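So the sequences go chain by chain: S and U.
With the numbering used here applied, the first sequence has no gaps in its numbers, which climb one by one up to 54 at the end.
With the numbering used here applied, the second sequence has no gaps in its numbers, which climb one by one up to 1317 at the end.
None of these hints come from the bench; they were simulated from the model.
All values reported here derive from a predicted model rather than from experimental measurement.
Check the hints yourself; a few may be wrong.
As the list claims (entries may be wrong) - Only pairs whose alpha carbons sit at most 20 Å apart, straight line, appear in this in silico SDA-like list of lysine to any residue:
(1) S:38 to U:1055
(2) U:1030 to S:23
(3) U:1087 to U:1216
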Amino acid sequence: MAIRVEHELHRRRFSRNLGVGLTLAFFIAVIFGVTIVKLSSGPVANAQGEVINR
Amino acid sequence: MSDATINQPGQTATPMTDEAQFGDYVALLKPRVMSLVVFTALVGLLAAPVAVHPMVAFAAILFIAVGAGASGALNMWWDADIDRVMKRTRRRPIPAGKVEAGEALGLGLALSGMSVVLLALVANFMAAALLAFTIFFYAVVYSMWLKRSTPQNIVIGGAAGAFPPVIGWVVATGAMSVEAWLMFALIFMWTPPHFWALALFMRSDYDDAGVPMLTVTHGRRVTRNHILGYTVALAVLAVGTGFTAIGGPVYLAVAVVLNALFLKGALDIWRRDEAASEADNFAVEKAFFKLSLLYLFLHFGAILAEAVMKPYGLGGW
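Model the full structure from these sequences, guided by the hints.
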């Protein structure tokens, strides 16, 4: 007997859950990447390099 | 579907045969329209005379695409009733019974808010404001108002599809300029002949749905006249753009060839009557529609080529 019984709902929605999970992981990676770029360019700047903070 | 199966003793869950999969939610975002938005916005961004960090550019294009997708979901929510009637749209997730209309509304609103806020943070407020206006224009001005009330629906509504290169340009420069509006005008003037050619060979679709396309309200002869008129104006604009800062020899050569072909196609459509079109199952109209897709792709591809060659002293005049 399986330790954890998988509900039918989980099987049925596997592709949806996987898709949402991967999308969220990708979103986190994008935000992380942008944060690193913004922070490593010195003071917080917009896309034109104009300082908008500090 | 937003069903929740509650696990109760002695009760067996009934699997839904039409369970919405991840791809159905992606389909709500109109991926093919999104791909055009991504391409034109990218060209706008790269043609601008200000360099943007690749990561910032990638994120900005991503959020512009998400915003465009959100407006697509809102459009599908609002138009679910007529999508059920039209052959071209009846397999979309809502009319197919896979996704509820309310879910499309929720997804559209959530992604709209998210994309605008994130574009403001990643790029600048003007780009975000333009994206918000584009979503509003497509979902409210076009879908809710113009589409069902005037045969000029796709003429004015075409502006929504024309904004992405302007947004891309503003992401890079933080301001608007003539070049950005030239790219806007290119898509804006291209949209009517593109859609009217489709309306000519999709015959009864718009009629059945009660959408007042020009073919329905003014007849097919007038539509053929309008296609030719807009194509002439588009050719002047497209070739003229070749002499501006975003043009150059490569763009000009591409524009001259493509506009000659496009003008010939429009002339062929104008010369024909319904009997001739029905005899060959609208072959000329279908060929013109296919050419219109290539037309836009190659014009923006040429603008991109000029921009990419510029740092090496090759692009532009």
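Each hint, compared with the structure:
no.: 1; hint: S:38 to U:1055; verdict: holds (10 Å)
no.: 2; hint: U:1030 to S:23; verdict: holds (17 Å)
no.: 3; hint: U:1087 to U:1216; verdict: holds (17 Å)
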